[in-house]
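Enquirer: So you can see what is in the structure, the chains are spelled out below.
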Amino acid sequence: MTLEEVRGTLDAEWLGRRPSRTDSIGAEVLSCHASDLMSDVLTSRGAGSLLLTGLTNEQVVRVAVVSDFAAVCFVRGKRPQPEAARLAEESQVPLLVTPLSMYESCGRLYTKGLPVGDKAKEAASCRKK
Amino acid sequence: MPEEVTKIQEMVYELLVREVMTKEVISVMPSTPMSDLREILRAKRISGTPVVEDGALVGMVSIEDFIKWLNDGGHACPVADRMTRDVRSIYDDEPLVQAVNRLERLGFGRLPVVARDTGRLVGVITKGDIIRGLLRHLEVDYRTAEMRGARSSHIFEDIQADRSTVKLEYRVRGGDFSRGGASAVKLKTTLLRLGVDPQTTRRAAVATYEAEMNLIVFTQGGRIAVELGADTMRIEVEDQGPGIPDIEKAMQPGFSTAPDWVRELGFGAGMGLPNIKKCSDRMRIDSAVGKGTRLEVEILMEHQGEPERDSAQARA
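Chains as they are written, first to last, in my numbering: chain X, 1 to 129; chain S, 1001 to 1316.
Next comes chain X alone, as it looks inside the complex:
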């Protein structure tokens, strides 16, 4: 599933710069992590995934950067705080806003076949002990 397909599935809109085909991050979305708990998100294998969240602070973007998320999508039409938007622009993290709830967003993506995070064929973000 490409980022653009994710956007369509979620009836979402791009915030700021829309990622182009040439972006390394613009390619495939490997899975999705849906959470408002960044502590949990940080323990997951985020590389190449979509981060679906209701949190709008800068930390969301930093977590996305640190874990190599492909994009962040804010649910319920929430817009990121200005500092978060600025940081995303700087770090080239694509941002989406969907009017849908977290539950419906997950449901649509799941139905469309976006794999569950830990089953996704992605390299480990952290080596298993």
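Please note that the accuracy of each hint is not assured.
Dumping the calculated EDC-like pairs for lysine to aspartate or glutamate here, alpha-carbon to alpha-carbon at most 20 Å [to be verified]: (1) K1186/S to D11/X; (2) K1249/S to D1286/S; (3) K1186/S to E28/X; (4) K1277/S to E90/X; (5) K1186/S to E4/X; (6) K1249/S to D40/X; (7) K1023/S to E1053/S; (8) K78/X to E1264/S.
Covered stretches of chain X, as calculated for chain S (at least 3 residues, CB under 8 Å) [what the hints assert, rightly or not]: (9) 37-51; (10) 54-63; (11) 66-79.
Note that these hints are calculated values from the structure, not bench results. For each residue, glycine too, the CB sits at the ideal point set by N, CA and C.
With chain X's structure known, arrange chain S on it following the hints.
Expert: The following block gives chain S in isolation, referenced to the frame of chain X:
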């Protein structure tokens, strides 16, 4: 700056006219009425155009010629009557420096470009084309250099020594939640620039992020020191208190003493230390209540040649 100037000088000799010229040439025929010229120049936003007959360049006509024509009464006549016939052109395979010199010497705004073999008009070159072309090539060069830097500069292969380390230090202020993770993001950028592989970088960044949040949430602040060796990365995080009373408990996933405000911001789920452990190859934590905590993390660096399936997703 001197470096860029040298670079541009090189490019002026290396680039060929055909690489920077405008290829979609707007031209007129000798039979085009002079009165049509204004609309053609205005619509295309150009100040002059080649005059072409059967593909061959027969003249140039410019806005200056047009003004002179108006001045002389503007009597209906074809372009052929007012155009400059003594056309200076340039071949498409000449180096850019020739175009620069010729434009300068002749005081022209543009030169028609002709193919050497067929003698046909293939383009037009202006000073604007030259500047744009140079900038574009400078940028391409810069990008190539940057990509090389981000992807495969192996700083340790360049260093000639029996042992070498790079030390990076970050200071973190306690309570400064809005800056939380800023050091981890900086570290990540730096490691990638140093040519550390994306997977190792991610592990280090996540571990550092967690440690940084701990400093911010629980302490008055502290120091993160990262030591980069040839095959090991060591991350040391130190603070001056309050210390962890029961490390074993703190290591349990889900155990947290984080205040509510931190939880509301999406943190404090009790996953910090366990996650640091997960990201590291070796972890050691010493803490004394009232004195402070010292965390040591070691990450064995991935070696080149190992499959890195998600490198395409890794943000440079």
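Enquirer: Now look at each hint and say whether the structure bears it out.
Expert: Hints and how they fare:
1. Straight-line distance between C-alpha atoms of K1186/S and D11/X comes to about 34 Å, which puts the hinted pair past the 20 Å bound.
2. Proposed proximity of K1249/S and D1286/S is supported: the alpha carbons are some 14 Å apart, at most 20 Å.
3. Between K1186/S and E28/X, the direct Cα distance comes to roughly 26 Å. Violation of the 20 Å bound is thereby established for this hinted pair.
4. Taking the CA atoms of K1277/S and E90/X, the gap is near 30 Å; set against the 20 Å cutoff, the hint is violated.
5. Restraint check for K1186/S and E4/X: the C-alpha separation of about 29 Å exceeds 20 Å, so the hint is violated.
6. Taking the CA atoms of K1249/S and D40/X, the gap is near 18 Å; set against the 20 Å cutoff, the hint holds.
7. Our distance criterion of 20 Å between C-alpha atoms is met by K1023/S and E1053/S, whose separation comes to about 18 Å.
8. Distance restraint check for K78/X and E1264/S: the Cα-Cα separation of roughly 16 Å lies within the 20 Å cut-off, and the hinted pair is therefore satisfied.
9. Counting residues of the segment 37-51 of chain X whose beta carbon lies closer than 8 Å to any beta carbon of chain S gives 8, which meets the minimum of three for the stated coverage.
10. Requiring three or more residues with a Cβ within less than 8 Å of a Cβ of chain S, the coverage given for the segment 54-63 of chain X holds, as 7 such residues are present.
11. Counting residues of the segment 66-79 of chain X whose CB lies closer than 8 Å to any CB of chain S gives 4, so the stated coverage by that chain holds, three being the minimum.
In summary, the structure is inconsistent with hints 1, 3, 4 and 5 from the numbered list given earlier, while agreeing with the others.
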